[in-house]
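> Whenever a hint applies, use it, and build me the whole structure from the sequences.
Residue numbers (UniProt numbering), protein chains in the order written: chain S, 1 to 486; chain A, 1 to 486.
To be clear, the hints were calculated from the coordinates, so they are not data collected in a lab. For clarity, every value in this text was computed on a predicted model and none was experimentally measured. Note that the Cβ used here is the ideal one computed from N, Cα and C, for glycine as well. Hints may be right or wrong, so weigh each one.
What the hints assert, rightly or not - Here are the simulated distance ranges between beta carbons: (1) S:T411 - A:R61: 56 to 62 Å; (2) A:V389 - S:F302: 54 to 60 Å; (3) A:S451 - S:T301: 47 to 53 Å; (4) S:H376 - A:E65: 15 to 21 Å; (5) S:S372 - A:V389: 23 to 29 Å; (6) A:A84 - S:S236: 27 to 33 Å; (7) A:V199 - S:W484: 52 to 58 Å; (8) A:L287 - S:F31: 55 to 61 Å; (9) S:I47 - A:L287: 32 to 38 Å; (10) S:Q329 - A:T119: 30 to 36 Å; (11) S:W459 - A:S98: 50 to 56 Å; (12) S:H376 - A:V51: 32 to 38 Å; (13) A:V199 - S:R485: 54 to 60 Å.
What the hints assert, rightly or not - Chain S regions said to be covered by chain A (calculated; three or more residues, Cβ under 8 Å): (14) 137-148; (15) 363-370.
2 protein chains.
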Amino acid sequence: MRSSIFPVVTVLGFATALFSVSFLVPLAYAFATNEPTVDSFATGFLITFFVGLAAHFLTRRFKRELQPRDGFLLVSAVWSLIPAFSTIPLVLFFDDLSFTDAYFETVSGLTTTGATVLTGLDTMPASINIWRHLLSWIGGMGILVLAVAILPLLGVGGSQVFKAETPGPMKDSKLTPRITETAKSLYLVYVALSLACAVSYKLAGMTWLDAFMHSGTTMSLSGFSSHDASFAYFDSPAIEMVSVAFMLISGVNFAIHFLAWRGKSFRPYVMCPETKWFLVLMLVSVLLIATFLLAHQQYTTFSEAFRFSLFNVVSVATTTGFANTDFGQWPIFAPLFMLFLSVFASAAGSTGGGIKMLRAVILFQHAVGELSRTLHPRAVNPVRIRDTVVSSQVISGVLAFMMMYGMSIITITMIQMFTGLEPIAALTGTIAMINCTGPGLGVLGPASNYSSLGDFQTWVYSFAMLLGRLEMFTILVLFTPAFWRK
Amino acid sequence: MRSSIFPVVTVLGFATALFSVSFLVPLAYAFATNEPTVDSFATGFLITFFVGLAAHFLTRRFKRELQPRDGFLLVSAVWSLIPAFSTIPLVLFFDDLSFTDAYFETVSGLTTTGATVLTGLDTMPASINIWRHLLSWIGGMGILVLAVAILPLLGVGGSQVFKAETPGPMKDSKLTPRITETAKSLYLVYVALSLACAVSYKLAGMTWLDAFMHSGTTMSLSGFSSHDASFAYFDSPAIEMVSVAFMLISGVNFAIHFLAWRGKSFRPYVMCPETKWFLVLMLVSVLLIATFLLAHQQYTTFSEAFRFSLFNVVSVATTTGFANTDFGQWPIFAPLFMLFLSVFASAAGSTGGGIKMLRAVILFQHAVGELSRTLHPRAVNPVRIRDTVVSSQVISGVLAFMMMYGMSIITITMIQMFTGLEPIAALTGTIAMINCTGPGLGVLGPASNYSSLGDFQTWVYSFAMLLGRLEMFTILVLFTPAFWRK
Ligand SMILES: [K+]
Ligand SMILES: [K+]
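As structure tokens, this is what we get:
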């Protein structure tokens with residue numbers, strides 16, 4: 001047991017100490033503008049830095065090459081412990097904020113879910129909002145490496161198929177060495193696009209502060225805003241267009257962006273079926289919902305219906321969760337359809353959540369193949385992605401992933417209803433948590449937030465966000481006896 | 001084309017003519033008691049008999065051995081056309097009943113869904129109720145042969161695994177010859193149990209007429225009643241106990257009943273894992289809901305809570321749909337949990353609907369197996385049912401079945417919401433239709449019925465009942481181009 005946990009702890013400690021540097025950003029801002037949050041962030045930094053460093057050095061002598069088993073433990077521990085450290089400034093600054101709610105907020109940030117339990121965002125110290133948005137932006141970086149490098153190596157839910165486009169030589173099954181290389185490529189793209197997004201927001205009319213914060217939560221598809229009213233605060237079609245463009249960019253596999261950038265060519269996009277399906281799906285859905293809203297007299301002109309459909313459909317479908325109007329007031333087909341899109345619209349290797357377009361296509365092809373195999377039992381209809389036959393092992397993993405995804409949604413919805421949440425909120429909230437989307441409907445709708453939940457319900461949803469973000473298997477495998485055996 | 005449809009038509013015509021005999025039961029009753037429905041039933045009988053006979057004889061020269069492809073067409077045609085003929089007496093007798101609503105009613109009867117669009121059941125001619133209940137009872141016979149003999153031969157959704165317990169030699173892949181033999185065995189059990197059920201109902205206090213009618217809708221797990229108030233009309237724990245006992249019996253694979261009866265032994269039940277899981281699940285769920293209802297002050301004593309939990313949980317979970325109280329008024333976790341049970345509780349080869357316990361167990365074992373394969377990629381964790389390894393081909397079929405089942409529920413729910421149905425009714429109604437359960441919640445709840453739906457919505461739900469009853473593939477395969485090619 002010892003020998004299997006300590007090598008993980010030493011890496012975990014190092015990662016925590018490294019992460020502590022991010023406290024310095026809001027700390028510097030608070031210090032420069034004389035905000036009353038200086039002590040809170042300084043304390044957060046010091047505790048996180050020294051606890052991480054101590055954990056690292058005390059266990060360093062156990063260091064060894066990490067195995068897949070260590071990988072599951074490390075990933076789960078990083079994603080559940082870093083949010084715990086991140087709560088320190090929030091709990092210290094807000095007198096009435098419980099650890100339960102603060103943990104929900106930081107998990108929501110780092111998983112890029114973007115659901116909040118805080119109100120009065122517009123009037124609180126900017127450093128708090130900087131911290132929330134920074135957590136999301138850092139979470140986005142974590143997701144990219146997770147999706148493109150780590151999960152495929154761990155073979156989570158058929159994600160081996162995700163590495164088709166991975167930049168650099170990733171065929172190896174060792175955990176550590178080449179991840180750094182992949183991470184560098186992806187981060188280059190992520191940082192460059194984030195800067196472009198911030199500048200675009202500024203040009204469209206935001207302040208620099210808002211531009212940087214919203215760039216972080218756009219590129220990470222998080223959906224946090226520094227305004228209670230989200231994008232309705234700006235009420236600016238120009239800002240919304242920038243947002244839509246960068247949400248769409250972030251819904252695409254970042255490895256494709258990297259290949260396009262390195263090759264100075266649009267060809268990687270054209271060759272990527274996921275990108276095409278994603279864009280076509282977005283276009284068709286935006287037009288469908290615009291027409292639906294017009295037919296239901298929600299708006300008087302098509303251009304107005306199109307504006308609100310475009311922004312909110314893209315926002316929810318990409319699992320961002322920004323809103324420029326209370327779409328919870330629309331006839332309920334529209335928001336439920338948008339949440340349904342969020343299940344599968346964004347690409348593997350994007351910063352989006354859900355099952356990913358690639359898995360959806362594999363599931364669809366498999367079902368159609370089985371249907372025709374019913375007629376011709378000896379026919380061979382292999383599932384193909386980009387002319388490559390997907391192995392039956394991968395398909396089997398994807399199908400198991402889908403089962404766990406479905407069962408998780410049903411179980412968590414049931415638990416939340418059992419504890420008194422009304423069914424629409426329970427179901428949509430669960431879908432919004434597992435897909436890392438953010439707003440649900442009803443009391444968890446876009447005009448409201450998650451502060452009305454009881455403590456137990458809040459913990460369940462914090463768990464749901466981690467479950468969804470780490471693609472089920474990474475967490476669930478820790479609950480199997482086989483994991484802890486030997 | 002011609003050569004591939006006419007051999008089906010000749011069998012279809014024969015089946016229709018044979019079915020027409022069932023009109024004689026309500027006709028005889030109406031004649032004997034001088035009810036005003038005599039002409040309606042006589043007309044129904046004559047049209048059905050002669051149309052069937054004509055179709056049979058006009059196409060008899062094309063008769064040949066049926067192929068699997070013919071099987072899909074025949075099964076779909078029988079289950080969609082016989083309800084159409086069955087509407088004749090309803091449409092003729094009720095001036096204000098549309099064909100749309102009448103077809104919903106007869107599909108609901110023959111698929112043993114038991115949802116109704118009729119009100120005033122207590123005051124209408126008994127022959128109408130006899131007809132509705134008879135359709136359900138006949139539907140139950142159809143389902144037994146479908147589930148135990150035909151679907152496994154057609155290889156629908158991994159149902160090959162269902163034939164493990166089939167009485168008689170069924171290893172052959174020819175469609176016709178041995179089905180008769182299997183059918184005889186199952187019908188013997190079905191008729192014997194139906195008589196036992198009717199006598200038990202009579203002893204518990206029903207009239208003979210009610211006893212026979214409710215026996216028909218209990219054994220078929222249909223849930224039709226001759227009273228608007230369903231079992232609340234009787235308000236009798238004795239009658240409810242009889243009902244619960246026979247619903248549980250009908251939720252078990254009838255091939256197991258046959259084997260037990262032939263061997264004069266309880267051993268087949270003990271050896272059948274599906275039966276054990278089913279009974280354990282029912283017991284645990286009844287206790288859970290009873291405790292939940294007590295905790296939410298719905299009832300003042302545990303025995304009262306247990307009585308209502310027992311009856312309604314067993315009724316909904318077995319996909320029957322009787323009610324002895326308006327469980328739609330319970331805190332919504334309870335009825336939603338009951339509907340969730342209806343998805344998978346009843347056994348393959350029972351008269352119940354849903355995906356069947358056997359498929360649920362295969363899906364669960366597969367997901368757990370994949371989870372541990374994530375840790376040990378080279379480990380072999382085959383899915384086993386009764387110590388037999390389930391082939392990967394069957395697992396693949398079951399998984400595809402589950403995908404289509406899930407997608408059908410989502411799509412049909414979306415369509416019903418798009419056309420204006422409120423979301424809880426749309427979702428629960430869709431689940432209740434696809435699982436052939438009957439009552440949903442909200443405007444489609446147990447205290448209400450399906451008459452409030454628009455025509456289009458009614459057709460969608462009629463389709464959903466057939467889709468669920470014929471286990472997705474049988475219908476969906478007709479929509480593939482490959483089916484009609486050559
Ligand atoms: K989000
Ligand atoms: K039923």
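> Check the structure against each numbered hint from earlier and tell me which ones fail, lowest number first.
Hints 3, 6, 9 and 14 not satisfied by this model.
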